[in-house]
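K.L.:
Sequence:
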Amino acid sequence: METTRHKTVIFFVTLAVTAFFTNFCWESLHGLLYKAHPGMPASVYVPMILSMAVMDSLGITVLYCFTAFFAHRWFWELGLLK
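Add 715 to the 1-based position in the sequence shown for the numbering used here, that's all there is to it.
Worth flagging that the hints you see were computed from the coordinates, not collected in a lab. Treat the hints loosely; a few may be bogus.
Estimated spans, in silico, between C-beta atoms of each pair [stated by the list, open to error]:
#: 1; residue 1: Ala731; residue 2: Arg788; range: 15 to 21 Å
#: 2; residue 1: Met755; residue 2: Arg720; range: 39 to 45 Å
#: 3; residue 1: Arg788; residue 2: Ser758; range: 43 to 49 Å
#: 4; residue 1: Cys740; residue 2: Phe781; range: 35 to 41 Å
#: 5; residue 1: Pro756; residue 2: Thr723; range: 20 to 26 Å
#: 6; residue 1: Arg788; residue 2: Lys750; range: 43 to 49 Å
#: 7; residue 1: Ala783; residue 2: Thr737; range: 16 to 22 Å
#: 8; residue 1: Phe726; residue 2: Met767; range: 21 to 27 Å
#: 9; residue 1: Leu747; residue 2: Lys722; range: 26 to 32 Å
#: 10; residue 1: His752; residue 2: Gly774; range: 19 to 25 Å
For every residue, glycine included, the Cβ atom is placed at its ideal position computed from N, Cα and C.
Please put together the full structure from these sequences, using the hints given.
P.N.:
Structure representation (structure tokens):
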């Protein structure tokens, strides 16, 4: 029982951290396209990018939980349906 709980916690922590870093990189790269970016100080830009990455990672985690709830399983098998 404890092993399953531990695996679940590790999975969701990994999901959230991966989503955060992926979104942080994405937000940083496409943030250069904004007109206001060249004039924006780093003290404003970095917290804005961090907050957007946190919100995106929370959204991804909630979407995964919502889908898993209706699929009646937390972990999905990889591969095509049999």
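K.L.:
Just tell me: holds or violated, for the beta carbon distance of Ala783 and Thr737 against 16 to 22 Å?
P.N.:
For Ala783 and Thr737 the Cβ distance comes to about 19 Å; the hint holds.
K.L.:
Holds or violated: the 19 to 25 Å window for the beta-carbon distance between His752 and Gly774?
P.N.:
Holds, at about 23 Å.
K.L.:
Could one say that the CB atoms of Met755 and Arg720 fall in the range 39 to 45 Å?
P.N.:
Cβ of Met755 to Cβ of Arg720: about 44 Å, so the range 39 to 45 Å holds.
K.L.:
Taking the Cβ atom of Cys740 and the Cβ atom of Phe781, is their distance within the range 35 to 41 Å?
P.N.:
At 25 Å between Cβs, range violated.
K.L.:
Given a hint of 43 to 49 Å, does the C-beta separation of Arg788 and Lys750 actually sit inside it?
P.N.:
Because 45 Å falls inside the window, the suggested range holds.
K.L.:
Quick check on a hinted range of 26 to 32 Å for Leu747 and Lys722, using CB atoms only.
P.N.:
violated, 39 Å
K.L.:
At the C-beta level, are Arg788 and Ser758 separated by a distance inside 43 to 49 Å?
P.N.:
holds, 44 Å
K.L.:
Could you check the hint for me, namely that Ala731 and Arg788 are 15 to 21 Å apart, CB to CB?
P.N.:
Roughly 19 Å apart at Cβ, these two residues keep to the hinted range, so it holds.
K.L.:
Holds or violated: 20 to 26 Å for the Cβ distance of Pro756 and Thr723?
P.N.:
violated, 41 Å
K.L.:
Can you let me know if the beta-carbon spacing of Phe726 and Met767 is within 21 to 27 Å?
P.N.:
Since the Cβ atoms of Phe726 and Met767 sit about 24 Å apart, the hinted range of 21 to 27 Å holds.
Taken one by one, the earlier hints fail for this structure at numbers 4, 5 and 9, listed in ascending order.
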